[in-house]
Each structure stands twice: as structure tokens, then as C-alpha cells.
Amino acid sequence: MKCRRCREPAIIELRRHNAGFCRDCFVRHCREQVRRAIDEFSMMQPGEHVLVAVSGGKDSLGLWHLLRELGYDADGLYVGLGIGDYSESSASYARAFAHEHGAQLLEIDLVDTYGFDIPEGSLAARRVPCSACGLSKRHVFNEAAMTHGYDVLATGHNLDDEAAVLFGNVLRWQTEYLGRQHPVLPAAPGFVRKVKPLIRLGERELAAYCVVHGIDYIVEECPMAEGNRHLGYKEALNAIEERSPGTKAAFVSTFLERVHSRFVDEATGVRDDLRPCTTCGSPTPPSAAGVCAFCRIRARATGATIPVTAS
Amino acid sequence: MKVVLRNPKRELDVPAPPNVGQLLRDLDVVPESVLVIRNDTLATHDERLSESDVVEIRPVVSGGTA
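Listed in order, the protein sequences are those of chains A and B. Numbered by our numbering, the letters in the first sequence go through residues 1449 to 1759 in order. Numbered by our numbering, the letters in the second sequence go through residues 3 to 68 in order.
Don't take every hint at face value.
Derived coverage of chain A by chain B (criterion: at least 3 residues anywhere in the stretch with Cβ under 8 Å from a Cβ of chain B; other residues may be distant) [said to hold, decoys possible]: (1) 1451–1461; (2) 1483–1493; (3) 1728–1741.
Examples of chain A residues toward chain B, derived with CB under 8 Å [what the hints assert, rightly or not]: (4) 1480; (5) 1652; (6) 1682; (7) 1692; (8) 1750; (9) 1751.
Pair ranges (Cβ atoms, derived) [what the hints assert, rightly or not]: (10) B:56 to A:1561: 54 to 62 Å; (11) A:1537 to B:43: 53 to 61 Å; (12) B:27 to A:1729: 53 to 61 Å; (13) A:1714 to B:16: 34 to 42 Å.
Note that these hints are calculated values from the structure, not bench results. Glycine included, each C-beta is placed from N, C-alpha and C at the ideal position.
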């Protein structure tokens, strides 16, 4: 197979683009896709201080590398989730990347800072682990970005992640979530701007990007994610993609172009009603009796009492 | 040839098929869900294989999105 651009031998085939790419053209392709996503959705401006949520996996390390290559002032944030050897191993990949590239990595340990880990939080809150983990990470990422004065928080959600989330939201017609599913969540009182610059790249491209740059990342899957719903959605979507290349990209891009705006009001209404959590000050819905979901998990996991106000 | 699989990491010894694409079909692996790394370099599906090759089939699908 030849590179579509320069006719040198290809190292990767991307059926979605009906093309193969050599190493250099593939790297250029990845940079162009991230640049296009940033520009198309006005994600960030040159000179802004960016915090990249880093897990030690291919997506977040690839994103950190790409943003730095594109000239952004990007630091990393690693959150220790307390998932045994997996967390220790993933932290070592994040630290190694920061060391090798002379980048700044902030670290926050859930146990040291908040008194509980994800297995405990999940059990105490009777939530599936990925739900407790996602909720906790969103809270800690936002709090850290606000506290340290970053302009924007960038996460490594890629095209496959967004397609799987969209698939799940459509299957259950979760219209509020559909209104919120967008590559940019603008800043609001209590919220830093959140962006997803990898929306135009699939996870196979991110893994390949890391391999060609010699970026070591944790290949093992989180032990707590086994059997999670999104993995099932990805499997289904990949089976469809195999028969019809380009389906995932069309699914997500068409949603953003033609459908998302129809549900924005539902998400906006919820965001407008938020009030400060009585425990931590983070925005929280009035239905939560004054205490945000993260503080409720923390209280259940640590046995702490929390002040609850009438809604 | 030697095939390295992940999650959990393990190795298989298999007769070399004609190319990478055939190897994935033989192992019933969806190409969209993996990278194929032959002798430490990415390999496209039409690349020919030989008995002396070491090929890693590395999954790229990660979960936990919440």
C-alpha cells in the first residue's frame, strides 16, 4: 500500500478516508484534524493556558503531545483514582511523558485529597465504577482548572468515544444529554471551558500516533471498566464500521451539524438552574438538596456528615 | 511466526498466513479495533508475513467513558 499523499510506502490504512499514509503524512494528518477541530469549534486561542486531563492512556498522552506540537501552552493533570496496580502503572506513564518532554504535570490523589478511592466510592454510592469514576474526574478536573487559573480544560475524548456516547444517548433518547454533547462546553460561573480536540480522530489513529512517536502508554484496560456499556456500544459500532467505513464519523458530524441544536435548550435550562454546592461550592442542580453528586459520594464513602439544605 | 496478544498479554505460535489482513481474519479480529505492529513497526493489512516475524495485535478500544 502507498501513501495517498506522497506515494511512499504506507504504515497505516484508514478505511474511513479510503487512504493509506506514510509516517510523516500520517502525523501531518493527525495535526490537521486536531487543528481543524480546534478552529471549527473555536475551542481555544493561541496564548491561552491549557490543562490536559491525562490518564496515561493513548488518547490523553497523544492529545498532550499534539497540542504541544501545535504550539499550545499545555500542562497535564493526572488524578490518582486508587484503582490498585492499574493506577500506579498509569501514573508512571504520565510522569514519564512529562519528564521526557519537559512538560509540567499536576497530580491530585483522590485518597490523599478527598479521602476515598473509586472502588470505595462506587460501592458506597451504589454506582457502577465508570459512573463514579467519570463523575469524580469531572469534578476534580474542573476544580483543579479553576483553582490553578487555566483558561481551558482539554480532554482526550476521541471520535469513537463521542460516537459511543451518542449511540447510547440516542438509544435511550436522553435529550438533555444530547443537548450537552458537544466538543465545547463554554465557561460559566463555577465551570472552566471544556474542549475535546480529538473529535475528528479515531482511537486507532491515536494509538498509531503514539506508536510512531515512541510515546509509551498504558495498553491494559482499566480492570473496573470490564463489561461497561460503552465498550459494548463501541463493539457494535466497529462491526458496522467494518461493513460501512465512515459511518462513525458521519454519525457524529451529522449530529453536530443538524441535530444537536434541537436539544440545546434542554441542557441550557438545567445549567441555568445550578446553585453552589453547600459543601464545596461547585455548581449543582436544585434537586440535589444543595449538595453536589461528588460531595454525596465522598460523604458516603468516608462516613462524613454533610449539611443538606431544603431545595 | 509469533503473535503477541494483549489484555491479558499472551503469545501464540501460528503458521504465517500470506498477509496481515489474513492473519486478522484467521484470528477473527475486527481490524478497526486493533493496530498491527510487526517487528516494532506499524503494518498495513496487505503486508506479507513470514515465519520469522513477530507480530503484536494491539487493541485500541478503551472503555470507561462516563
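Distance restraint hint 53 to 61 Å, applied to the beta-carbon atoms of residue 27 (chain B) and residue 1729 (chain A): Once the Cβ atoms are compared, 56 Å apart, the range 53 to 61 Å for residue 1729 (chain A) and residue 27 (chain B) holds.
Outcome of range test on Cβ distance (residue 1537 (chain A), residue 43 (chain B); 53 to 61 Å): With a Cβ separation near 25 Å, residue 1537 (chain A) and residue 43 (chain B) fall outside 53 to 61 Å, so the hint is violated.
Interface hint compliance - residue 1480 (chain A) to chain B, C-beta minimum distance less than 8 Å: With a closest approach of 19 Å, the residue 1480 (chain A) hint is violated.
Restraint outcome when residue 1751 (chain A) is required to lie within 8 Å of chain B by C-beta distance: At about 25 Å, which exceeds the 8 Å cut-off, the nearest Cβ of chain B leaves the hint on residue 1751 (chain A) violated.
Chain B covers the segment 1483–1493 of chain A, three or more CB atoms within 8 Å, holds or violated: violated (count 0)
Verdict on chain B covering the segment 1451–1461 of chain A, where coverage means 3 or more residues with a C-beta closer than 8 Å: Since three or more residues must qualify, the claim that chain B covers the segment 1451–1461 of chain A holds, with 4 doing so at under 8 Å.
Interface restraint verdict for residue 1692 (chain A) against chain B (beta-carbon cut-off 8 Å): With a closest approach of 11 Å, the residue 1692 (chain A) hint is violated.
54 to 62 Å as the expected CB spacing between residue 1561 (chain A) and residue 56 (chain B), which holds or is violated: This hint is violated: roughly 43 Å between Cβ atoms.
Per-stretch coverage check for the segment 1728–1741 of chain A, three Cβ contacts closer than 8 Å to chain B: Coverage by chain B is violated here, the residue count being 0 at a Cβ distance below 8 Å.
Pairwise beta carbon distance, residue 1714 (chain A) to residue 16 (chain B), judged against the given window 34 to 42 Å: Roughly 52 Å apart at Cβ, these two residues miss the hinted range, so it is violated.
Hint check, residue 1652 (chain A) versus chain B [nearest Cβ-Cβ separation less than 8 Å]: holds, 5 Å
Interface hint status, residue 1682 (chain A) versus chain B (Cβ within 8 Å): holds, 5 Å
Of the hints listed earlier, those the structure fails to meet are numbers 2, 3, 4, 7, 8, 9, 10, 11 and 13, in rising order.
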